[in-house]
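Listed here are the chains, written in short residue letters.
Protein chains: 2
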Amino acid sequence: MKFLIDCLGGDNSPGTNVSGALMGLEKYPELSVVLIGDEAGIEAELKKTEQPVDRSRIEIVHAPGVITGEDRPTDAIRLKKDSSMVRGIRMLREDPAADALLSTGSTGALVAGATLRIGRIPGVRRPAFCPILPTMTGGIVGVCDSGANVDILPEQLQQFAVMGSRYLECAFGIERPRVALLNIGVETEKGDNLRKAAFPILENTPNIHFVGNMESRDLLSGNYDLVVTDGFGGNVLIKTTEGTALELMKKLKRDIYSKGIYKLGALFMKKMFREEARFFNYQNYGGSVLLGAEKLVVKGHGSSTPSAFFKCVEQAHQMAASGMNEKIAESLAALQSQPV
Amino acid sequence: MKFLIDCLGGDNSPGTNVSGALMGLEKYPELSVVLIGDEAGIEAELKKTEQPVDRSRIEIVHAPGVITGEDRPTDAIRLKKDSSMVRGIRMLREDPAADALLSTGSTGALVAGATLRIGRIPGVRRPAFCPILPTMTGGIVGVCDSGANVDILPEQLQQFAVMGSRYLECAFGIERPRVALLNIGVETEKGDNLRKAAFPILENTPNIHFVGNMESRDLLSGNYDLVVTDGFGGNVLIKTTEGTALELMKKLKRDIYSKGIYKLGALFMKKMFREEARFFNYQNYGGSVLLGAEKLVVKGHGSSTPSAFFKCVEQAHQMAASGMNEKIAESLAALQSQPV
Numbered sequence: 380m381k382f383l384i385d386c387l388g389g390d391n392s393p394g395t396n397v398s399g400a401l402m403g404l405e406k407y408p409e410l411s412v413v414l415i416g417d418e419a420g421i422e423a424e425l426k427k428t429e430q431p432v433d434r435s436r437i438e439i440v441h442a443p444g445v446i447t448g449e450d451r452p453t454d455a456i457r458l459k460k461d462s463s464m465v466r467g468i469r470m471l472r473e474d475p476a477a478d479a480l481l482s483t484g485s486t487g488a489l490v491a492g493a494t495l496r497i498g499r500i501p502g503v504r505r506p507a508f509c510p511i512l513p514t515m516t517g518g519i520v521g522v523c524d525s526g527a528n529v530d531i532l533p534e535q536l537q538q539f540a541v542m543g544s545r546y547l548e549c550a551f552g553i554e555r556p557r558v559a560l561l562n563i564g565v566e567t568e569k570g571d572n573l574r575k576a577a578f579p580i581l582e583n584t585p586n587i588h589f590v591g592n593m594e595s596r597d598l599l600s601g602n603y604d605l606v607v608t609d610g611f612g613g614n615v616l617i618k619t620t621e622g623t624a625l626e627l628m629k630k631l632k633r634d635i636y637s638k639g640i641y642k643l644g645a646l647f648m649k650k651m652f653r654e655e656a657r658f659f660n661y662q663n664y665g666g667s668v669l670l671g672a673e674k675l676v677v678k679g680h681g682s683s684t685p686s687a688f689f690k691c692v693e694q695a696h697q698m699a700a701s702g703m704n705e706k707i708a709e710s711l712a713a714l715q716s717q718p719v
Numbered sequence: 380m381k382f383l384i385d386c387l388g389g390d391n392s393p394g395t396n397v398s399g400a401l402m403g404l405e406k407y408p409e410l411s412v413v414l415i416g417d418e419a420g421i422e423a424e425l426k427k428t429e430q431p432v433d434r435s436r437i438e439i440v441h442a443p444g445v446i447t448g449e450d451r452p453t454d455a456i457r458l459k460k461d462s463s464m465v466r467g468i469r470m471l472r473e474d475p476a477a478d479a480l481l482s483t484g485s486t487g488a489l490v491a492g493a494t495l496r497i498g499r500i501p502g503v504r505r506p507a508f509c510p511i512l513p514t515m516t517g518g519i520v521g522v523c524d525s526g527a528n529v530d531i532l533p534e535q536l537q538q539f540a541v542m543g544s545r546y547l548e549c550a551f552g553i554e555r556p557r558v559a560l561l562n563i564g565v566e567t568e569k570g571d572n573l574r575k576a577a578f579p580i581l582e583n584t585p586n587i588h589f590v591g592n593m594e595s596r597d598l599l600s601g602n603y604d605l606v607v608t609d610g611f612g613g614n615v616l617i618k619t620t621e622g623t624a625l626e627l628m629k630k631l632k633r634d635i636y637s638k639g640i641y642k643l644g645a646l647f648m649k650k651m652f653r654e655e656a657r658f659f660n661y662q663n664y665g666g667s668v669l670l671g672a673e674k675l676v677v678k679g680h681g682s683s684t685p686s687a688f689f690k691c692v693e694q695a696h697q698m699a700a701s702g703m704n705e706k707i708a709e710s711l712a713a714l715q716s717q718p719v
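Chains as they are written, first to last, in my numbering: chain A, 380 to 719; chain B, 380 to 719.
Hints were generated in silico from the structure; no laboratory data involved. Hints may contain errors.
No copy is singled out in the list; a pair is fine if it fits within one copy or between any two copies.
[Said to hold, decoys possible] Straight line, CA to CA, 35 Å or less: simulated DSBU-like cross-link-like pairs of lysine-lysine:
#1 Lys-575 / Lys-460
#2 Lys-460 / Lys-427
#3 Lys-632 / Lys-569
#4 Lys-406 / Lys-649
#5 Lys-569 / Lys-460
Turn these sequences into a full structure, and let the hints guide you.
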């Protein structure tokens, strides 16, 4: 198993990426990695680490260009040929032994590059992005699509449901993931034209466990494993959840610091607040996956810690080892042979 | 000035509605109210209250039927003719002296009923719903539309921007409200076909202060006064914000009660937590208004307290006294005479 590691573009690159990759090598003996980025920087990380370094399983590719949040994604993919991300995407396409690309760089560029340059699983109309959030019951929920596809067809929502279901089974061991359609009410007939057309299609899709419409307020309830939506709605859903949680925690902190007695009280609750912060730190739940691409593409948070990036390695390993993409291809083929 | 008060359908009806209406009568000498609902229940509330009751400014209309959350909105409007809400809508349409209808009942039924039965301001394609949320900087932000209109045209987003701007000026005294388009990125070219078509239209709309795209994570930032969106996106935006805040506060409470030392710490912060709960209680910021209807329709939270319902009365008074609907009509007329 061979993973390509984009070692630039994250807040703590290349340290985080190199360190997370080394943790992966230690856990999975069958794994080898290609570290792509600034060679000197990568070598420096390898020298200063206290983790075991098995150089026979590590290749370094020098590609020092960085794609930043300021770059326009499609321009960056076309023009920044010496960047670690573009180089990684090219290697993923051209090297038959490469199983996955993992990056903490620009989400837009990674999605654009992978969508344009990596082939699709047969039957997939367009790849979709599937981040993971923690639920209030201690589990997780995936949201597919979260921004890669706007103006979609009802059949694409069906593909998101199939791909996301195989993903949750393979990467997280969730059996019969409960799939919901994001809507403005739970009743069957709710929604706009897209949702109304998609509902009966989802109801009649084999190989998924469709449980009906979900209102956005129930995202974190733990009653659903996968929410399917167009990329516009998914983007609003994810960013509103993260934004509200972040603003609320910031407000709490500000309010605590506003008075001595609150600060005193907070001393007793230090451990609890630390756990709350950890809970709402989405990177602890793994990266976002681009589903439907012929090869695995995993996006870790820009602010990933080494252990958060290691989670991405674990996720990629689970997907590769379980043959997720083959299972997605089989499920999609079953749809096409289905009587309409 | 004459307001119709739907006194059924809220969690604490008719008490809340009667009490809030009495507070309105006390504050605004020019106001009279029609209390619609179960006559005996309303009379009982009037008897037991300690607020001043000026019977010459109060009319009671007996209409004891209730529309509940279980009723299908359009069916309820058609079939429940003896309900306080349907009666209120009919009176609003038929009584030239009636300025507004205020209700804490079913949102779906109120929007459906008012959209179907109340005329529109000239030029309005369809009325839109505009709730208000508190921002982290102590202000408010309106979201229009929040669910009354799905599958819309770019021109409707323009109408939402115009109507919402006049609303924030008239009801809350906000000068030059900053209007943003809900989108999946702040760059001009972002979004689906609807957003891409709407952006240049909004840029060229007179009588509004358009500041560009807004990502959903910035809703509570205080940088925007009005967010315009299709009803699907607006519904997801509002319900995700409320849902996340609610789940987070619930989790905090659960975690505090899980350990003695946390409970002890929380004792010092009792006042703070009470203020947080108040802050995130959306009813304290007033009701949601159906913009574009010929007469004023205000929806208070189902769980409104008397003072929250009084806020709705104040809002309606501000809108009526300032001639908001006439101003909306003027602004829309200016659009139509604009060279394309």
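Tested hints:
In this homomeric assembly, Lys-575 and Lys-460 come within 35 Å of each other (Cα to Cα) only across copies, at 29 Å, whereas the closest approach inside a single copy is 43 Å. For the homomeric pair Lys-460 and Lys-427, the shortest alpha-carbon distance inside one copy (29 Å) is at most 35 Å, but the shortest distance between copies (78 Å) is not. In this assembly of identical chains, the alpha carbons of Lys-632 and Lys-569 lie at most 35 Å apart only when taken from different copies (34 Å versus 39 Å within one copy). In this assembly of identical chains, Lys-406 and Lys-649 lie within 35 Å of each other by CA distance solely inside one copy; the values are 33 Å within and 47 Å between copies.
Taking identical chains as interchangeable, the C-alpha atoms of Lys-569 and Lys-460 lie at most 35 Å apart only when they sit on different chains, with a minimum of 24 Å there against 47 Å within one chain.
Every hint from the earlier list agrees with this structure, and none is contradicted.
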